[in-house]
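Q: Below are the chains, spelled out letter by letter.
2 protein chains.
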Amino acid sequence: MTVNAAPRENRTPYTLDTLLDVAVSVFTERGYDGTSFQHLSLASGLSKSSIYHHIESKEQLLRLGLERALEPLMATISEPRALEGPAIGRLEYLIRRNLEILAERLPYVTLLLNVHGNTETERWALEQRRSYNRAVAAVVQDAIDEGDIRADVDAKTTARLVFGMINSVREWYRPERNVTPEALTAQIHSLLLDGIRTR
Amino acid sequence: MTVNAAPRENRTPYTLDTLLDVAVSVFTERGYDGTSFQHLSLASGLSKSSIYHHIESKEQLLRLGLERALEPLMATISEPRALEGPAIGRLEYLIRRNLEILAERLPYVTLLLNVHGNTETERWALEQRRSYNRAVAAVVQDAIDEGDIRADVDAKTTARLVFGMINSVREWYRPERNVTPEALTAQIHSLLLDGIRTR
Numbered sequence: 001m002t003v004n005a006a007p008r009e010n011r012t013p014y015t016l017d018t019l020l021d022v023a024v025s026v027f028t029e030r031g032y033d034g035t036s037f038q039h040l041s042l043a044s045g046l047s048k049s050s051i052y053h054h055i056e057s058k059e060q061l062l063r064l065g066l067e068r069a070l071e072p073l074m075a076t077i078s079e080p081r082a083l084e085g086p087a088i089g090r091l092e093y094l095i096r097r098n099l100e101i102l103a104e105r106l107p108y109v110t111l112l113l114n115v116h117g118n119t120e121t122e123r124w125a126l127e128q129r130r131s132y133n134r135a136v137a138a139v140v141q142d143a144i145d146e147g148d149i150r151a152d153v154d155a156k157t158t159a160r161l162v163f164g165m166i167n168s169v170r171e172w173y174r175p176e177r178n179v180t181p182e183a184l185t186a187q188i189h190s191l192l193l194d195g196i197r198t199r
Numbered sequence: 200m201t202v203n204a205a206p207r208e209n210r211t212p213y214t215l216d217t218l219l220d221v222a223v224s225v226f227t228e229r230g231y232d233g234t235s236f237q238h239l240s241l242a243s244g245l246s247k248s249s250i251y252h253h254i255e256s257k258e259q260l261l262r263l264g265l266e267r268a269l270e271p272l273m274a275t276i277s278e279p280r281a282l283e284g285p286a287i288g289r290l291e292y293l294i295r296r297n298l299e300i301l302a303e304r305l306p307y308v309t310l311l312l313n314v315h316g317n318t319e320t321e322r323w324a325l326e327q328r329r330s331y332n333r334a335v336a337a338v339v340q341d342a343i344d345e346g347d348i349r350a351d352v353d354a355k356t357t358a359r360l361v362f363g364m365i366n367s368v369r370e371w372y373r374p375e376r377n378v379t380p381e382a383l384t385a386q387i388h389s390l391l392l393d394g395i396r397t398r
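From first to last, the protein sequence lines are chains A and B.
With the working numbering, the residue at position 159 of the first sequence is 159, and numbering never jumps.
With the working numbering, the residue at position 182 of the second sequence is 381, and numbering never jumps.
Simulated from the structure, these hints should not be mistaken for laboratory data.
Be a bit skeptical, because a hint or two may be false.
[To be verified] Which stretches of chain A does chain B cover? Using the computed rule of at least three CB atoms under 8 Å from a CB of chain B, they are:
(1) 14 to 26
(2) 29 to 43
(3) 92 to 99
(4) 142 to 149
(5) 183 to 193
[Said to hold, decoys possible] Below, a list of computed lysine to any residue pairs in the SDA-like style, where the Cα atoms sit at most 20 Å apart:
(6) B/Lys355 <-> B/Pro380
(7) B/Lys257 <-> A/Gly34
(8) B/Lys355 <-> A/Asn167
(9) A/Lys156 <-> B/Arg229
(10) A/Lys156 <-> B/Glu321
(11) A/Lys156 <-> A/Leu113
(12) A/Lys48 <-> A/Ser25
(13) B/Lys355 <-> A/Val179
(14) B/Lys257 <-> B/Pro285
(15) A/Lys58 <-> A/Leu46
(16) B/Lys247 <-> B/Arg229
(17) B/Lys355 <-> A/Gly34
(18) A/Lys48 <-> A/Leu64
(19) A/Lys156 <-> B/Leu312
(20) B/Lys355 <-> A/Gly45
(21) A/Lys156 <-> B/Lys247
(22) B/Lys257 <-> B/Leu312
(23) B/Lys355 <-> A/Gly195
(24) B/Lys257 <-> B/Ala336
(25) A/Lys58 <-> A/Lys156
(26) A/Lys58 <-> B/Asp232
(27) A/Lys58 <-> A/Glu79
[What the hints assert, rightly or not] Residues from chain B shown here face chain A by an in silico Cβ test under 10 Å; the list is partial:
(28) Glu228
(29) Ala350
(30) Gly363
(31) Tyr372
(32) Arg373
(33) Leu390
The beta-carbon is built from N, C-alpha and C at its ideal position, and this holds for glycine as well.
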């Protein structure tokens, strides 16, 4: 807090960031199609014209929310550690980074994973997700070719199931209530690679 | 088709079943809160009064839809094969039955897995899901105690992750387009128990 911060009894001034947080939670609760400016106004306590002061359209809010999940996710697949060395190590890196981003940006990743595809922005987000999935499936295929991942399930199915388990975490994981992101990552990583059975 | 079936050029008469199929797909597309009778009327081609001929409320349709997923799911946990014998075998049975139900009743299970909990019916469905999850976690705990499942991840987390992977299948699996439910079940079962890594 700075010396010139507003007195506590005043309402915290709304920034685009706070509006976006509210909007993302309403989108997830009601669905994007089911959310009107009226709902955003009620949830934020802002008038419609104050909302329009920050953004041009509901779809712009959706895009900004989706970017907060997609930008770090898409960045990981072109990082050196996702591109260099044995594929099994690259896959482990992608799994870890995906879980970190999920834990850090839970509401945004949840929004992304619920996208249907009715608007241009949703179709763009789905296309980004498909690129991400293709990149991951290619790494799984490399790991199969290098003999480190079993070959009896095809790469695309394995990639879907691995990231299906990871992404399911959004439904119950709350970093403030459960284990740390690092501990959860280690557990998931170990279950995925070696299975749940003792040996 | 019976001898007295209506001529083909006539509209197929709506039954509660066909209305329910339409409603479940609209609920999943728009969210339950975001679905009005107007949407149900547009999607089914029925007037609102024709819809009221079949059901009393939107919530009744939701309940009927959720029951189609919950009834077979809840039945599995009290079947003899889920109650008798080594816990690892009981867990394998629960995994297989869950996947079969998912494949057979994909739209209904998808509806169930998207439930938020704003109405009495949704809270009831969430409570049923919690009972199911508790039953599964208890079987995982038994398998840990019997030494067949690793003890380094707690039973509740393992159960959530296992069923997280299974349930993620709803996002991409289409029985008519992908492998058979039996083949998919075998793949998931094997990945979950033994991991994706070669040994």
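Q: Run every hint past the structure and note whether it holds.
A: A quick look at each hint next to the structure:
1. Here's how the stretch 14 to 26 of chain A fares: 0 of its residues keep a CB closer than 8 Å to some CB of chain B, so the rule of at least three is not met and the hint is violated.
2. By the rule of at least three residues with a Cβ nearer than 8 Å to a Cβ of chain B, the coverage given for the stretch 29 to 43 of chain A holds, with 6 such residues.
3. With 0 residues having a Cβ less than 8 Å from any Cβ of chain B, the stretch 92 to 99 of chain A misses the three-residue criterion, and the hint is violated.
4. Taking a C-beta to C-beta cut-off of 8 Å, the stretch 142 to 149 of chain A contributes 3 residues in contact with chain B, enough for the three needed, and the coverage statement holds.
5. Look at the stretch 183 to 193 of chain A against chain B: 7 of its residues bring a Cβ nearer than 8 Å to a Cβ of that chain, three or more, so the hint holds.
6. Proximity of B/Lys355 to B/Pro380 is assessed by CA-CA distance (about 26 Å); at most 20 Å being required, the pair is judged violated.
7. Distance hint between B/Lys257 and A/Gly34 is fulfilled; the C-alpha atoms sit about 16 Å from each other, no more than 20 Å.
8. With a C-alpha separation of about 17 Å, the suggested pairing of B/Lys355 with A/Asn167 holds against the 20 Å cut-off.
9. Distance check on the hinted pair: A/Lys156 and B/Arg229 sit about 29 Å apart at the alpha-carbon level, beyond 20 Å; violated.
10. Annotation: proposed proximity of A/Lys156 to B/Glu321 is violated, straight-line Cα distance about 34 Å (limit 20 Å).
11. Taking the CA atoms of A/Lys156 and A/Leu113, the gap is near 18 Å; set against the 20 Å cutoff, the hint holds.
12. Proximity of A/Lys48 to A/Ser25 is assessed by CA-CA distance (about 18 Å); at most 20 Å being required, the pair is judged to hold.
13. Restraint check: the Cα-Cα separation between B/Lys355 and A/Val179 comes to about 12 Å, which is no more than 20 Å; the hinted pair holds.
14. Taken as a hint, the B/Lys257 and B/Pro285 pair is broken in the structure, with Cα atoms around 44 Å apart against an allowance of 20 Å.
15. Taken as a hint, the A/Lys58 and A/Leu46 pair is honoured in the structure, with Cα atoms around 14 Å apart against an allowance of 20 Å.
16. Of the pairs offered as hints, the one joining B/Lys247 and B/Arg229 holds, with about 18 Å between alpha carbons and a cut-off of 20 Å not exceeded.
17. Restraint check: the Cα-Cα separation between B/Lys355 and A/Gly34 comes to about 34 Å, which exceeds 20 Å; the hinted pair is violated.
18. Using a Cα cut-off of 20 Å, the hinted pair A/Lys48 and A/Leu64 holds, with the two alpha carbons roughly 18 Å apart.
19. For the hint pairing A/Lys156 with B/Leu312, the CA-to-CA distance comes to about 23 Å; that exceeds 20 Å, so the pair is violated.
20. This hinted pair does not check out: B/Lys355 and A/Gly45 have alpha carbons roughly 39 Å apart, beyond 20 Å.
21. As the CA atoms of A/Lys156 and B/Lys247 are separated by approximately 44 Å, the hinted pair breaks the 20 Å bound.
22. A hinted pair counts as satisfied when its Cα atoms are at most 20 Å apart, and B/Lys257 with B/Leu312 qualifies at roughly 18 Å.
23. Taking the CA atoms of B/Lys355 and A/Gly195, the gap is about 16 Å. The hint holds against a cut of 20 Å.
24. Under the criterion of a C-alpha separation no larger than 20 Å, the hint pairing B/Lys257 with B/Ala336 is inconsistent with the structure, at around 33 Å.
25. A C-alpha spacing of about 34 Å is found between A/Lys58 and A/Lys156, which places the hinted pair above 20 Å, so the restraint is violated.
26. Taking the CA atoms of A/Lys58 and B/Asp232, the gap is about 18 Å. The hint holds against a cut of 20 Å.
27. Only pairs whose Cα atoms come within 20 Å are accepted, and A/Lys58 paired with A/Glu79 is rejected, the gap being roughly 32 Å.
28. Look at B/Glu228: its Cβ gets to within about 7 Å of chain A, closer than 10 Å, so that hint holds up.
29. Hint on B/Ala350 holds. Least Cβ distance to chain A is approximately 8 Å, under the 10 Å limit.
30. Restraint check, B/Gly363 versus chain A: the minimum CB separation of about 3 Å is within 10 Å; hint holds.
31. With a least beta-carbon distance of about 9 Å to chain A, the hint placing B/Tyr372 at the interface is held under the 10 Å criterion.
32. Given the 10 Å rule on beta carbons, the hint for B/Arg373 is violated: about 13 Å separates it from the nearest Cβ of chain A.
33. Hint status for B/Leu390: holds, given a least beta-carbon distance of 6 Å to chain A, under 10 Å.
In this structure, the hints that do not hold are numbers 1, 3, 6, 9, 10, 14, 17, 19, 20, 21, 24, 25, 27 and 32, in rising order.
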